[in-house]
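S.K.: Residues per chain, in single letters:
Number of protein chains: 2
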Amino acid sequence: MPEFRQNLATQDWVILAPERGKRVSDFARREKKRADLPAYREDCPFCKGNEEQTEAAVYARPEGNSWQVRVVPNKFAALQPQLATTRTMAGLFLAAKGFGIAEVVIEHPRHNLNPALMKAGEVAEILRAYRHRQFEIGKNEKITLVTTFRNHGPRAGTSLEHPHSQIIATPIVPPHVRYPMQLAVQYYDKYGTCVYCDMVNEERRQEERVVIETDNFVAFCPFAARSPFETRIYPKKHKASFVLVGNGEIDELALILRDVLGRLYTCLNDPDYNYIIRSAPIGDEDTRHLHWYMVIIPKVATPAGFEIGSGIYINTMPPEDCARKLRETSPAMGT
Amino acid sequence: MPEFRQNLATQDWVILAPERGKRVSDFARREKKRADLPAYREDCPFCKGNEEQTEAAVYARPEGNSWQVRVVPNKFAALQPQLATTRTMAGLFLAAKGFGIAEVVIEHPRHNLNPALMKAGEVAEILRAYRHRQFEIGKNEKITLVTTFRNHGPRAGTSLEHPHSQIIATPIVPPHVRYPMQLAVQYYDKYGTCVYCDMVNEERRQEERVVIETDNFVAFCPFAARSPFETRIYPKKHKASFVLVGNGEIDELALILRDVLGRLYTCLNDPDYNYIIRSAPIGDEDTRHLHWYMVIIPKVATPAGFEIGSGIYINTMPPEDCARKLRETSPAMGT
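Sequences listed follow chains U and G, in order.
Position one of the first sequence corresponds to residue 1 (our numbering), numbered consecutively onward.
Position one of the second sequence corresponds to residue 1 (our numbering), numbered consecutively onward.
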């Protein structure tokens, strides 16, 4: 029987409509795994040894040519840092120059790797780069929001093979981010608690959608998942911004992130996916009503006219089934 | 230079970031046109002669076996009409049984056709079917929103070849629909006008994004288009609901819709696309602050982590350029 389910925080609805006889393998990627790529490509600007093909690094650890993780300005940036932020009118319509900061996080010297197959320590270095850049970029007074994300594979919007993530910082907090903040304030004023803390605790209490839990983090397929195998990682303790994550927590987060990505890799045959770190806007780091988290979305479904028109997503595999499957799966082995 | 642009009605932002040297042909579909499909397939439940493979029609014009357009209950419906609408709690989380109405509009007896290639009179019959079903379904007191849409091709979420659209009616008005309504009320209270009327008049005044205009309708690539060749058709006179469109207007709308789809067909090589009719919720048909319209979204871009995370879409071809290209293009010839 199909079911409507509401996301407690955003109040978005999904329709859970399991298709009869649909199996996990129906969602798996059909192409072969990407492990056959070469370890180095002469024409790849992100491969070790080709550093002169990018602009100067804004971050590298360790520094210099022995880098493990390297952050560079995005050569094909959709936004540019030298522009003004003044809003202007084009007749009745509001516009602004495309001010913003766009960076690429080169996650590893090697071309044919991805976080699902890295050592946990390597994943931790990536997360540290995210945190450091978000913090540094946040010092720019014109920036209000930093979005950190990873596109894996063409269905997730990238054709670049070399393992990388992106950071885009904007002078605008858009409605898509602002509306859930307003709802979170209303929830806080009504119940005196952070809606995300309550959601996390309820998911842990109901337990059946939890994939894995550590001291400080929990990964689950959410009650109102928009698509099969959507998985989220939340800090258990209240914390609005990713920049506030401590060093020990980063190591633990790396373990759980690598574990979840490794299970998805095994389960769905190295699926294309997006992951996003959602974190409070600049200046709201200490707020009581927001909560940073990571959302991982394997690209196993195509949003169609109904989803675009109504914003209601039809999900054909219950998160309970996806979580069970992920619990039963062994993470991919690193290389 | 990149630019932020805001949708006057929804207040969503897009980033216009034209890629150097990007040409229209880069957005065109690579596969060959779908005109080579057979006119009839024995295993297609929507082909004329195979009526017994679907449930009984809820609408057919003309009635009986000489139908030109036929509407049937969706055999693989995500929602079911016999369920209750009561909301229930799953712990802290809100849920409801999957009550709703899902129908398929079979647009033509022939298998290998689509609206871009139909006669205008045939397209008018499809639009009449939409209007009639939306009106009839709206009599159900449990229904609050009717979403009518068309998915064309696999990138748009359908693998069914036979020309068809869908109608999904829900007992819920989701935030994605409700938020713009709330903004429209605020705009009306502030300026005393419908924000969509103002937007349409401003697009007509600025003119450069207009593709085609008739007595009662205007088609344009909107100022804050989320992706290349997004095109919208609005009635010029204020009207909140599609059910209120008159018969003469339906004929005129069919002409302009077929014209726009035909231009996209030529320009982008029979692209995959979604179109959606956005119309006021049931009971709000006469409201002063809403305005029905059609949005046509060719699937020429892949939303990635940034779009999912921020709700800000990066559009790589200005709507001004897309509109000019569409104006210069001849619509596909019907068959």
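One thing to keep in mind: the hints can contain errors.
Treat identical chains as interchangeable: a pair holds within one or across any two.
What the hints assert, rightly or not - Straight-line Cα separation of at most 16 Å, EDC-like style, residue types lysine to aspartate or glutamate; simulated pairs:
#	residue 1	residue 2
1	Lys237	Glu202
2	Lys48	Asp284
3	Lys22	Glu125
4	Lys97	Glu3
5	Lys75	Glu19
6	Lys237	Asp215
7	Lys139	Asp198
8	Lys142	Glu19
9	Lys32	Asp286
10	Lys119	Glu208
11	Lys190	Asp286
12	Lys325	Glu249
13	Lys237	Glu31
14	Lys75	Glu52
15	Lys325	Glu63
16	Lys190	Glu122
Everything labelled a hint here was simulated from the structure, so no lab data went into it.
S.K.: Could you tell me which of the numbered hints above are not met by this structure, giving the numbers in increasing order?
M.R.: When the structure is compared with the hints, numbers 2, 3, 7, 8, 9, 10, 11, 12, 13, 15, 16 turn out to be violated.
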